[in-house]
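Asker: Sequence:
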Amino acid sequence: MAHADRETGLTNAVDKLLGSRRNALAEIETLTRRFDDLTRNVSTVEVLPVPMKLNQVVKWRETARQRREDWVFVEMEGGTQILAIDEPSGRGLREPFAAVMYPALHTRLASWWLFHAWRSVDLLTDTLHSINGWRLYSAAVSARSLVEHTGCLLYESKKIAAAWAAAKAVSGDARTRAQTVHRELAPVLNQAGFGSRMRSTPEKRKATNVLTYVDKLSKDTGDRRFLDWYDWLSDAAHPALGARLAFASDALVHEHGGVMQRYYARSPMHIEGKGTMHEFEHPIFQMPVDALIACGRIVGDLLERSLEIVDDFGLTTEAATYTQRSYWRNVVPAEKGATCPCGLGPAKRCEHQWGRPAPAISVASR
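Each residue of the sequence shown is one higher than the last, beginning at 97 in our numbering.
Just to be clear, a hint being listed does not mean it is correct.
[Stated by the list, open to error] Below are the BS3-like pairs computed for lysine-lysine, each with C-alpha atoms no more than 25 Å apart in a straight line: (1) K254 - K312; (2) K370 - K300; (3) K254 - K315; (4) K444 - K432.
[To be verified] Have a look at the derived ranges for each label pair, beta carbon to beta carbon: (5) E351 - E375: 13 to 23 Å; (6) H225 - S267: 45 to 55 Å; (7) S116 - G318: 19 to 29 Å; (8) A258 - Q449: 54 to 64 Å; (9) K370 - K112: 20 to 30 Å; (10) K302 - A262: 22 to 32 Å; (11) T221 - A258: 40 to 50 Å; (12) K370 - A460: 43 to 53 Å; (13) F290 - A344: 39 to 49 Å; (14) E165 - E123: 43 to 53 Å.
Keep in mind that the hints were calculated from the coordinates and are not lab data.
We put the beta carbon where it would ideally sit given N, CA and C, even for glycine.
Take the sequences, apply the hints, and build the full model.
Answerer: Listed below in structure tokens is the structure:
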């Protein structure tokens, strides 16, 4: 006869099914708390200069003068478009191209990173709680989103890393360099920040399909389990076979093969008979657990590496020195004998300089 284990100790039953993976889940819980502590009370501002036409700028210059507001304006696309920014610092007034390009891009990089950190913390936390509480449908839904999110973070991090590496390597005068940085990074951030999957969205603004994220995650890690997990988790997240098997036992087949039966309960189950006890495997429980462990480790690595890119951009461009705005990660270069604001060691050893290598993104499944 099959027995449900909710009344006899749900926590013990879950721990028994987890086995040695309980230690791996503790590792994921620790890294989740670390990023939660880093970002829980954070707020920031994102600035996006919108291209204006010359006649708009003429009117706005006069308005800004009357209001005694400081603005800087730069010509783009051969003078057919103008970008402008308010609240420049004294240095920003002297170096308008840097003032318009660098702080705005840095605020967007910071908000991009926070989006991924906050979403990572929520999805990791929800999946952990659902697993520990034997909420299999919730675990499947959040783990499925976590696989998608991990793929998205990897995909976007690599795009941003490549764009910043190309821009950082370019030589030239200050104006050329600022324009190159904008040309490389703005399209990537626009796609990440404004892409949508809603049916009314124009084709050129469509967000990347989540299946692309999952495929690239599997390819980049060399781990096909992400594809298998995603298939099963999707099936369990929808009213399909996976969902209907979530609270079912293993299939028990009579020795002559003519009868099959399953037991159903909203708790872990085991079967007893003839002095023996057999624990059911509960595969719809195993999928979120394994996906959570793999994704959690990758997400932790990616958040650390991509934050290095945010800081490398800020310290190389000195973005915060061109604006009076306050925003998250508005770090400024330290003296050579001091610890670098990026937190990775002495300032003299860090490579936050034009022409030096930019942080790279790579990932492997563990």
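Asker: Where does the structure disagree with the numbered hints, that is, which hint numbers, in rising order?
Answerer: Checked against the structure, the hints that fail are numbers 2, 8, 11, while the rest are satisfied.
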